[in-house]
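Colleague: One line per chain: the protein sequences are Z and Y, in this order. Residue numbering for the first sequence follows the UniProt record's numbering, starting at 1 and increasing by one per position. Residue numbering for the second sequence follows the UniProt record's numbering, starting at 1 and increasing by one per position.
Where hints are given, some of them may not hold.
Heads up, the list lumps identical chains together, so a pair's fine if it works in one copy or across two of them.
[Unchecked claim] Distance condition first, Cα-Cα at most 25 Å in a straight line; then the derived SDA-like pairs of lysine to any residue:
#, residue 1, residue 2
1, Lys34, Trp6
2, Lys34, Val125
3, Lys34, Glu65
4, Lys34, Pro4
5, Lys34, Arg5
6, Lys34, Asp151
7, Lys71, Glu20
8, Lys71, Asp95
9, Lys34, Leu149
10, Lys34, Leu7
11, Lys34, Arg89
12, Lys71, Gln16
13, Lys71, Arg59
14, Lys34, Leu74
15, Lys34, Ala115
16, Lys34, Leu67
17, Lys71, Val125
18, Lys34, Met12
19, Lys34, Ile68
20, Lys34, Val99
21, Lys71, Ser40
22, Lys71, Arg27
Please keep in mind that the hints were generated in silico from the structure rather than gathered at the bench.
2 protein chains.
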Amino acid sequence: MNEPRWLDELEMAAWQGFLEAGNRVARRLEQQLKDEAGLSHPQYEILVHLADAPGGEIRMTELAERLITSKSGLTYQVGQLERRGLVRRRACPTDVRGVFAVLTEEGRELLRGAAPGHVAAVREVLIDVLDREELAVLARALGEVGRRLRD
Amino acid sequence: MNEPRWLDELEMAAWQGFLEAGNRVARRLEQQLKDEAGLSHPQYEILVHLADAPGGEIRMTELAERLITSKSGLTYQVGQLERRGLVRRRACPTDVRGVFAVLTEEGRELLRGAAPGHVAAVREVLIDVLDREELAVLARALGEVGRRLRD
DNA sequence: TTCCATTGGTTCAAATTCGAATCACTTGCT
DNA sequence: AGCAAGTGATTCGAATTTGAACCAATGGAA
Numbered sequence: 001m002n003e004p005r006w007l008d009e010l011e012m013a014a015w016q017g018f019l020e021a022g023n024r025v026a027r028r029l030e031q032q033l034k035d036e037a038g039l040s041h042p043q044y045e046i047l048v049h050l051a052d053a054p055g056g057e058i059r060m061t062e063l064a065e066r067l068i069t070s071k072s073g074l075t076y077q078v079g080q081l082e083r084r085g086l087v088r089r090r091a092c093p094t095d096v097r098g099v100f101a102v103l104t105e106e107g108r109e110l111l112r113g114a115a116p117g118h119v120a121a122v123r124e125v126l127i128d129v130l131d132r133e134e135l136a137v138l139a140r141a142l143g144e145v146g147r148r149l150r151d
Numbered sequence: 001m002n003e004p005r006w007l008d009e010l011e012m013a014a015w016q017g018f019l020e021a022g023n024r025v026a027r028r029l030e031q032q033l034k035d036e037a038g039l040s041h042p043q044y045e046i047l048v049h050l051a052d053a054p055g056g057e058i059r060m061t062e063l064a065e066r067l068i069t070s071k072s073g074l075t076y077q078v079g080q081l082e083r084r085g086l087v088r089r090r091a092c093p094t095d096v097r098g099v100f101a102v103l104t105e106e107g108r109e110l111l112r113g114a115a116p117g118h119v120a121a122v123r124e125v126l127i128d129v130l131d132r133e134e135l136a137v138l139a140r141a142l143g144e145v146g147r148r149l150r151d
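Using the sequences plus the hints, can you model the full thing?
Modeller: Okay, structure coming up:
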């Protein structure tokens, strides 16, 4: 059992910044979405991913992976969105077990209305706080971090 | 109502990286702590903050602010830790309403055992993936993001 | 064809989180 | 001293999250 390599000052600052920024940004955006669109962040993300997908539909498991959430969690949230008519389920033609989550016209409509305010909030708390150089480093570095954890 | 300024490619990459890395890192560390120390990440953070504080104790509200969590959430988690003997509560001498959360010897002990593995995991998923330059940018940029949201 | 390990999704119970309400104490002001 | 407003913490109920168990249905391999 080696002596552990503790974090030096810079490493600690990076780690703490990562934690604090992550927490605070999440909180703020959660608030913003709830207030302005009546959606939780997970719900908003579901709508965004569906809107981006061809046909506005994605298989449940695939969607759960993209959202980095559990399958059961997704089942729950899609249920919530379905109750509100923003999403519906469609059986998969080629696999009886499969289910597509499909964005409804109402869902697309709501998203259209919610997106501008959300993007503005993302700019305010993160994007517009940094310069291009910093954004580039963030994109590369955090992209690499995420990529490694994907496998 | 202006035309919203959407995110360009770089901004989108930074934002997505931030979201994905945040999610995946959180998940991984949650897992690591649960497996190796029987603690959730919020619980671990409570112990760390207490261990850093003079006397190993912090007032509840103050602690909640540092942890970026709700007061009620903290009440719950401190209750959990208290049940396990890792933390105890102490009445504040100067304010009857006040409560200190105090790290017990058992808590300090557990933390001592848990910290090396946790730090190693933090290195593996984040710190050691980046070079010094990137760490410096991360620390500065995310530090600024967090600071601004503190108000 | 016949198995059997996988896969896709939901259901379930347990744990956690939050905000609003509550309650008692403090503080600042007059 | 006497109040009104604010503070510190807990309690409560509602919403969410997770992993494990489950139930079909799939898809190779023998």
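Colleague: Decide, hint by hint, whether the structure agrees.
Modeller: We went through each hint and held it up to the structure:
1. In this assembly of identical chains, Lys34 and Trp6 lie within 25 Å of each other by CA distance solely across copies; the values are 21 Å between and 39 Å within a copy.
2. Taking the shortest Cα distances, Lys34 and Val125 sit within 25 Å of each other inside one copy (16 Å), while across copies they are farther apart (31 Å).
3. Within a single copy, Lys34 and Glu65 get their C-alpha atoms as close as 24 Å, and across copies as close as 22 Å, so both meet the 25 Å cut-off.
4. In the homo-oligomer, the alpha carbons of Lys34 and Pro4 lie at most 25 Å apart only across protomers (19 Å), although the nearest pairing inside one protomer, at 43 Å, exceeds that limit.
5. When the C-alpha separation of Lys34 and Arg5 is checked against a cutoff of 25 Å, the pair qualifies only between copies, where the shortest distance is 21 Å, while the shortest distance within a copy is 42 Å.
6. Within a single copy, Lys34 and Asp151 get their C-alpha atoms only as close as 33 Å, which misses the 25 Å cut-off; across copies the closest is 21 Å, which meets it.
7. In this assembly of identical chains, the alpha carbons of Lys71 and Glu20 lie at most 25 Å apart only when taken from different copies (17 Å versus 27 Å within one copy).
8. Taking identical chains as interchangeable, the C-alpha atoms of Lys71 and Asp95 lie at most 25 Å apart only when both belong to the same chain, with a minimum of 18 Å there against 47 Å between chains.
9. Within a single copy, Lys34 and Leu149 get their C-alpha atoms only as close as 30 Å, which misses the 25 Å cut-off; across copies the closest is 18 Å, which meets it.
10. In this assembly of identical chains, Lys34 and Leu7 lie within 25 Å of each other by CA distance solely across copies; the values are 21 Å between and 37 Å within a copy.
11. Proximity of Lys34 and Arg89 under a CA criterion of 25 Å is satisfied intra-copy only: 24 Å inside one chain copy versus 35 Å between copies.
12. When the C-alpha separation of Lys71 and Gln16 is checked against a cutoff of 25 Å, the pair qualifies only between copies, where the shortest distance is 21 Å, while the shortest distance within a copy is 30 Å.
13. Taking the shortest Cα distances, Lys71 and Arg59 sit within 25 Å of each other inside one copy (11 Å), while across copies they are farther apart (39 Å).
14. Both within a single protomer and between protomers do Lys34 and Leu74 lie at most 25 Å apart by alpha-carbon distance, with minima of 19 Å and 23 Å respectively.
15. Taking CA atoms no more than 25 Å apart as the test, Lys34 paired with Ala115 passes inside one copy only; the shortest distance there is 13 Å, against 36 Å between copies.
16. In the homo-oligomer, the alpha carbons of Lys34 and Leu67 lie at most 25 Å apart both inside one protomer (19 Å) and across protomers (22 Å), since each shortest distance falls under that limit.
17. Taking identical chains as interchangeable, the C-alpha atoms of Lys71 and Val125 lie at most 25 Å apart only when they sit on different chains, with a minimum of 24 Å there against 30 Å within one chain.
18. In this homomeric assembly, Lys34 and Met12 come within 25 Å of each other (Cα to Cα) only across copies, at 22 Å, whereas the closest approach inside a single copy is 33 Å.
19. Proximity of Lys34 and Ile68 under a CA criterion of 25 Å is satisfied in both settings, with 21 Å inside one chain copy and 19 Å between copies.
20. Taking identical chains as interchangeable, the C-alpha atoms of Lys34 and Val99 are never at most 25 Å apart, the minima being 28 Å within one chain and 32 Å between chains.
21. With identical chains, the CA atoms of Lys71 and Ser40 are at most 25 Å apart both within one copy (17 Å) and between copies (21 Å).
22. In this homomeric assembly, Lys71 and Arg27 come within 25 Å of each other (Cα to Cα) both inside a single copy, at 23 Å, and across copies, at 15 Å.
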